[in-house]
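What follows is each chain in one-letter form.
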Amino acid sequence: MTEINLSWPKNYNEVPKEAFVRKDIYAEEVKRIFHGTEWHPVAHESELPNPGDFKTFRLAGVPLLIGRDVEGVVRVFYNACSHRGNQLETAIMGNKTEFECPYHRWLFDSKGDLVGCPNPREFLPGFNKADYPLAQPRFDIYFGLIFVTLSAETEPLLEYLGDSQNCLRELLAGDGRLKLLGYQKVRYDTNWKSYTDNDGYHAPLLHQAFKMLNWQGGKGRQYTATHRGHICFESALSVATGPSVLKDKSLIEFKGQDPAVGSRIVSLFPTFVSTKHLDVINLRFATPIDAETVEVHYAYFAHQDDDEDMVRHRLRQSSNLLGPCGLISMEDASVFHRIHIGNHTPGSAIFQKGVHDPLKLESEFLQNDESGNLPRWEYYRSVMGFERATV
Amino acid sequence: MMQTDTSLEAALNALLLADAHALDSKDMPGWLGNYADEEAAAYYCRSAENSEHGLALGFMYDDCRARLEDRVTFVNDIWAGTFQDYRTRHFVQLTSFDRVDATTLEMRSNFSVFMTPKDSGITQVLAAGQYLDTVRQDKNGELKLLSRRAELDTSVLPRYLVYPI
Ligand code: FES
Ligand SMILES: [Fe+2]
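Order-wise, the sequence lines are chains A and Y. The first sequence lines up with residues 1 to 391 when you count with full-length UniProt numbering. The second sequence lines up with residues 1 to 165 when you count with full-length UniProt numbering.
Check the hints yourself; a few may be wrong.
As the list claims (entries may be wrong) - One side only, chain A facing chain Y, incomplete, derived with CB under 7 Å: (1) Met1; (2) Val186; (3) Ser334.
As the list claims (entries may be wrong) - With a straight-line cut-off of 16 Å between C-alpha atoms, the simulated EDC-like cross-links for lysine to aspartate or glutamate are: (4) A:Lys247 to Y:Glu38; (5) Y:Lys118 to A:Asp189; (6) A:Lys31 to A:Asp69; (7) A:Lys211 to Y:Asp77; (8) A:Lys247 to Y:Glu69; (9) A:Lys179 to A:Asp307; (10) A:Lys247 to Y:Asp77; (11) A:Lys353 to A:Glu370; (12) A:Lys219 to A:Glu234; (13) A:Lys249 to Y:Glu69; (14) A:Lys247 to Y:Glu39; (15) A:Lys247 to Y:Asp37.
In case anyone wonders, no lab produced these hints; they're calculated from the structure. Ideal Cβ positions, reconstructed from N, Cα and C, are used throughout, including at glycine.
Sequences are here, hints too, so could you generate the full structure?
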């Protein structure tokens, strides 16, 4: 770890804008956070429903191969050949029971074992294929959601999730038995922290849509889980009533069984945001590309028990409601860019709504409070080793 | 009226250009006007990656006339004043067409779309891909889009989308 200096304000509701733009800080974040003691969701099992299905993903540059072996067991590997380290699989997703590295033709089975390599007699004396399986990061699965950590020291996943578990389980339709509908992928010109600071947290004033659709926000609860400041939102589902400007109202219709289940948002440190809103189930797998770019894969799901009509409804709603061109979220996406430009100015970003005392951290918030992000900022500050000013 | 292949091709090209023009002018009623006045009129925008994996989810999924009309409302009314605007230039090139029946044609074309955010002034590629269109020909020979699928080679967009591609 390298010591880097950034003077952090005394008040909990102030975040120095430098933290969003300095390249030296970003390099340190990759080490301490993305390669450090955090769990990162990288896929949901339902993206790989059949034996041999795989998906590749880069977590802050680290290439991963997430696959279901021929016996149906989900495994995560580093997507690099155990010989010279060549990137093993180049497809984003697919189905294979064997992976062949084209460089020197080493062949791996779906369990990651090296099952063939030409001319091993020319190799080091005593060479044994069994010593060269694909390397694996630590991974664990919660209701189908696959998490990876690149550190041996990270606490067990359930402990990491803490009090966010229940909200996350409900968001994953209660049982995690999902069915993939597809992806919307996008890069935002913003620091990853500006993305997570402004995704999930809802700025209702930004959204004309709510007024025009006669849609009141549902009453809800926002709370913090664990010292990492994971953020959970639980709110009763509100459905638009009265006249609306939409000709096709199915876009904001709720056809689910149980409105009491309501809306859920779970935002886990550092970059994961997930939401269940109306009939949309959306997991956002995000990774920083560099200090000024974050890539987000919005993955959308139906439930395995849905009938054909419900799948179709979810598909139509998911495509047009949330995400980088969604009716009630396109403006959020635009804000990510503008926040990043604004962050190249001196001083701090100042959180106001819901802050009662700038010298205290709270853990229960109202639905639209900005202060819900502050416990996470305090955790970030401590991981990065930035000293908080005393005056 | 029977048309020769050359005049049909010219008419299809005119339709492609009319749509590019409407989009680049941010003329959403003009964009809607390029679609047939039928309940089934549709516009989809999705990545070829999704399509290749049998995933129907899109960036935009306007599978009926009502949704096309709502798309105009999104851009002109609901989102007005909330986003960082950008210019686009669509380049389209007809690659093939086939007659399906007396009133229906299918055509494919390539597109590339440049975008220039107003604030940065830096031009970059927004998306490249192909349009898979079904075209309606009315009694007077006039052509309208019955359905268009903008299938994007660009599976990772460089930013959010306000306007259809
Ligand atoms: S690097 Fe893969 S076989 Fe040599
Ligand atoms: Fe929003």
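(message) Taking the earlier hints as the rules, which of them does this structure contradict?
(response) Checked against the structure, the hints that fail are numbers 1, 6, while the rest are satisfied.
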